[in-house]
Amino acid sequence: MNPDVKSKNPTFLIFYLSFKACQLGFLNGCRPLIGLDGCHLSGKFGGVLLAATALDGDNCIIPIAINIYESENAESWIWFLRQLWDSLGWDDSKRICVINDRQKGCLKALSKKWPNAYTRYCF
1 MNPDVKSKNP
11 TFLIFYLSFK
21 ACQLGFLNGC
31 RPLIGLDGCH
41 LSGKFGGVLL
51 AATALDGDNC
61 IIPIAINIYE
71 SENAESWIWF
81 LRQLWDSLGW
91 DDSKRICVIN
101 DRQKGCLKAL
111 SKKWPNAYTR
121 YCF
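According to full-length UniProt numbering, the sequence shown holds residues 1 to 123 in order.
Be aware that a few hints might be false.
[Unchecked claim] When the alpha-carbon atoms are kept at most 27 Å apart in a straight line, the in silico DSSO-like pairs for lysine-lysine are as follows:
no.	residue 1	residue 2
1	Lys94	Lys104
2	Lys44	Lys20
3	Lys94	Lys20
4	Lys113	Lys20
5	Lys94	Lys108
6	Lys112	Lys20
7	Lys104	Lys44
8	Lys112	Lys94
Worth flagging that the hints you see were computed from the coordinates, not collected in a lab.
Make a model of the complete structure from these sequences and hints.
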């Protein structure tokens, strides 16, 4: 939708949130493992919430980033992983393992945006 055009029924499209403290905590004190997950939002506006989390040395969960998108598909995962990559200042030479539950588009997005990441699956 063109942002210059005003609609009678405006629609929420995308939201990304990642706190610098959580990014630094992940980069400096966590195992190189990111958990990816998503859930559907059942409220008035709907959409999907995508999340990236990590475990610190005490096995506590650190939220690295969240993303709210209009639907869960390859495009939403690619956009989320691109934002995550950029906000972490990631480098392909760093080793990383990503765990997910084979959600729609997630595997395709991982192969495009984080091609050198090791992937593991939960159920």
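Checked hints:
{"no.": "1", "hint": "Lys94 - Lys104", "result": "holds, 26 Å"}
{"no.": "2", "hint": "Lys44 - Lys20", "result": "violated, 30 Å"}
{"no.": "3", "hint": "Lys94 - Lys20", "result": "holds, 19 Å"}
{"no.": "4", "hint": "Lys113 - Lys20", "result": "holds, 21 Å"}
{"no.": "5", "hint": "Lys94 - Lys108", "result": "holds, 20 Å"}
{"no.": "6", "hint": "Lys112 - Lys20", "result": "holds, 25 Å"}
{"no.": "7", "hint": "Lys104 - Lys44", "result": "holds, 23 Å"}
{"no.": "8", "hint": "Lys112 - Lys94", "result": "holds, 16 Å"}
The structure does not agree with numbered hint 2 stated previously, though it agrees with all others.
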